[in-house]
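So you can see what is in the structure, the chains are spelled out below.
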Amino acid sequence: MRTIRKILIANRGEIALRIIRACRELEIESVAVYSDADRGAPHVLAANEAYRLGPAPSVDSYLRGDLVLKIAAESGADALHPGYGFLSENAGFAEACESADIKFIGPTASAMRALGSKTRARQAADAVGMPRVPGSTTGLASLDEALLVAAEIGYPVMLKAAAGGGGKGMRAVLGSGEMESAYHGARSEAERAFGSSEVYLEKLVQQPRHIEIQVLADEDGNCIHLGERDCSVQRRHQKVIEEAPSPVVSEELRQRMGAAAVRLAKSAGYTNAGTVEFLLESGANGSPGNFYFLEMNTRLQVEHPVTELITGLDLVHLQIAIANGEPLPFAQEEVSLRGHAIECRIYAEDHENGFLPSPGKITRLLQPAGPGIREDSGVYEGWTVPLDYDPMLSKLIAYAPTRALAIARLRRALEEYAIGGIRTKLGLFRRILEDPDFRDGRLDTGYLDRLLRESSARAATPSAVESRPANDQIAALAAGLFRKLGSSNQNGAETFTTPARSAWKQAARIEGLRS
Amino acid sequence: MSDSQNATAGLQIEVDGKLHRLDLSRSATGEGWLGRLDGNPVEVDARLTQPGVLSLIVQGNSYRCVLDEGPVETAIHTGGQRLLITIDDPRSLTAQRRKQGASGGSRSSKLPCREGSFGCWFKLAMRSPHTRALSSSKP
Chain A
1 MRTIRKILIA
11 NRGEIALRII
21 RACRELEIES
31 VAVYSDADRG
41 APHVLAANEA
51 YRLGPAPSVD
61 SYLRGDLVLK
71 IAAESGADAL
81 HPGYGFLSEN
91 AGFAEACESA
101 DIKFIGPTAS
111 AMRALGSKTR
121 ARQAADAVGM
131 PRVPGSTTGL
141 ASLDEALLVA
151 AEIGYPVMLK
161 AAAGGGGKGM
171 RAVLGSGEME
181 SAYHGARSEA
191 ERAFGSSEVY
201 LEKLVQQPRH
211 IEIQVLADED
221 GNCIHLGERD
231 CSVQRRHQKV
241 IEEAPSPVVS
251 EELRQRMGAA
261 AVRLAKSAGY
271 TNAGTVEFLL
281 ESGANGSPGN
291 FYFLEMNTRL
301 QVEHPVTELI
311 TGLDLVHLQI
321 AIANGEPLPF
331 AQEEVSLRGH
341 AIECRIYAED
351 HENGFLPSPG
361 KITRLLQPAG
371 PGIREDSGVY
381 EGWTVPLDYD
391 PMLSKLIAYA
401 PTRALAIARL
411 RRALEEYAIG
421 GIRTKLGLFR
431 RILEDPDFRD
441 GRLDTGYLDR
451 LLRESSARAA
461 TPSAVESRPA
471 NDQIAALAAG
481 LFRKLGSSNQ
491 NGAETFTTPA
501 RSAWKQAARI
511 EGLRS
Chain B
516 MSDSQNATAG
526 LQIEVDGKLH
536 RLDLSRSATG
546 EGWLGRLDGN
556 PVEVDARLTQ
566 PGVLSLIVQG
576 NSYRCVLDEG
586 PVETAIHTGG
596 QRLLITIDDP
606 RSLTAQRRKQ
616 GASGGSRSSK
626 LPCREGSFGC
636 WFKLAMRSPH
646 TRALSSSKP
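Note that the protein sequences, when read in sequence, are chains A and B.
Start counting the first sequence at 1; every next residue gets the next number (the working numbering).
Start counting the second sequence at 516; every next residue gets the next number (the working numbering).
Watch out, some of these pointers could steer you wrong.
As the list claims (entries may be wrong) - Straight-line C-alpha distance at most 30 Å; calculated DSS-like pairs for lysine-lysine: (1) A:70 <-> A:103; (2) A:203 <-> A:168; (3) A:361 <-> B:533; (4) A:484 <-> B:533; (5) A:266 <-> A:103; (6) A:361 <-> A:168.
As the list claims (entries may be wrong) - The following label-pair restraints were derived from C-beta to C-beta distances: (7) A:92 <-> B:599: 47 to 53 Å; (8) B:545 <-> A:382: 33 to 39 Å; (9) B:534 <-> A:175: 46 to 52 Å; (10) A:354 <-> B:577: 32 to 38 Å; (11) B:599 <-> A:59: 33 to 39 Å; (12) A:455 <-> B:545: 41 to 47 Å; (13) B:599 <-> A:286: 37 to 43 Å; (14) A:380 <-> B:534: 34 to 40 Å.
Source of the hints: derived by calculation from the structure; they are not laboratory data.
We put the CB at the ideal spot given by N, CA and C, even for glycine.
Sequences are here, hints too, so could you generate the full structure?
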């Protein structure tokens, strides 16, 4: 058994901070790396040591495996946590860590290669008899082959990048006439995003739920699952809200899906934390139908906190323990799920304007707290959200004994939450949580698109008569009062900066009066 | 209390595209605010609890209003909503110019200079009520 004393965190944002916190709790030294855009980032402030990687673009900083390893060696780190994204699923980098005698906190390079590629993972699923979505198990060699496979399994089909993730390199193909442009489009997008143009084809499952199983495996061959997460609320294949447990998965189905996930992980000699993703068909009367293997994510997931909350486990602590060579401290039958957790991914995006990124300075930040609320954040008031990276600001998670109470807590927390200076998706989450379909758990991967389409019609519907003044009246009063009282904020906004506060405006007005 | 705080405000406030008319003045005791919102009488107790955060009590109902001033827009967060705000003060020069619709042509302005700071002179070009360009000249 090895003893990890110092961990380099090869990431940024909330996940870097999350891992640094775990290091502190375990009395392990933490080493942060940062780009020029992140010199003042929270993870740099929180770590014991911090070293510059390079300029802001990821390719010059967080994706520079050679620099990261050099810093790890020079700082004396004996392990490296990759977080998610960036280098986390790069088998070559994991291998380089092994060669440099720096423990990669994640699966081995060989397990990553076996399960990280979607086509290889589909082959592995076949080998263990796991149901998967019908389609090819190897990359498509040509457009003709794509047409042939599609004709065999029947339209609609989905083209997917073998090295893909995050919805990139994916195209839905409804008929043979759409295949040519979709095939070339998916290949070129995959090449740009992942450096590999390999695409494969699978049957498009209509309106499925996205259910994923968290697995943990130690280096002694023990592998367990920690139940499921329901990530059906998505936009363009990007998860927006995640919850655990799923509102529709029964204990019997959970154990069947969990056993299948464990079988797959074991077949590849998988170690550490990983997630096996499934599509769950909707059966008769909205009850769950068949499930199909989708892919495996060979890393810690963004949405891991919902599993932590319902299991009472700390997944990062467990990851470090496994990397230390320790056996899993519990058996499958000792895992119990309690309560319900829901997570919102808070992004600096303008959901009312095509989800455009909204980088910029956070001028105001009021964060929620109170019973059952956890926030994994990577920002602070005064922080400038850079344009160079994924614009996720934080993850807001509510936990409660029941799903209904978790929704209520999340709604309350969203009311407390205020982020100023940039646009965020807070308003979208409020809308989702008020939606009857969401509240009743009637979800599938097309749910959010439908809600967004219907939102304008719903917004036009008059709300119930209330005895309290409407929010717009209160906002009007507040606006007038801010103008009278001053806001103690001198951002220069015309509407609120009083003449006495703005010497610039005062001078301009004096000049205006003289002319 | 300054005169400006005592004076009655006559403001046109657009909230998420909906226009409100607000007249507001300090109450006689100076403890709160009295006025009319869209013609209806209103009594407000207001406290600035921290910069940009206003506590309002209206008819016994309590509200937290958070000012969100960005470079291109101003909003107020209240009741779990973010509402875009623009204010038109009929007494302001900007509003008067807007009403007149005149561009006014090019206008020079002496900018404020604090003691010990750079002695700065800028030309403020008023191309339109909405568009201004700054150009610098030698001190």
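Here is what the structure says about each hint:
1. A:70 <-> A:103: holds (14 Å)
2. A:203 <-> A:168: holds (18 Å)
3. A:361 <-> B:533: Holds - the C-alpha atoms of residue 533 of chain B and residue 361 of chain A are around 28 Å apart, at most 30 Å.
4. A:484 <-> B:533: Roughly 21 Å separates the two Cα atoms, so the pair holds.
5. A:266 <-> A:103: holds (21 Å)
6. A:361 <-> A:168: holds (28 Å)
7. A:92 <-> B:599: 47 to 53 Å: Check passed, 48 Å falls within 47 to 53 Å.
8. B:545 <-> A:382: 33 to 39 Å: Given a distance of about 34 Å, which is inside 33 to 39 Å, the answer is holds.
9. B:534 <-> A:175: 46 to 52 Å: holds (50 Å)
10. A:354 <-> B:577: 32 to 38 Å: holds (36 Å)
11. B:599 <-> A:59: 33 to 39 Å: holds (37 Å)
12. A:455 <-> B:545: 41 to 47 Å: Between residue 455 of chain A and residue 545 of chain B, where Cβ atoms are some 45 Å apart, the hint holds.
13. B:599 <-> A:286: 37 to 43 Å: holds (39 Å)
14. A:380 <-> B:534: 34 to 40 Å: holds (36 Å)
Violated hints for the displayed structure: none, as all numbered hints are satisfied.
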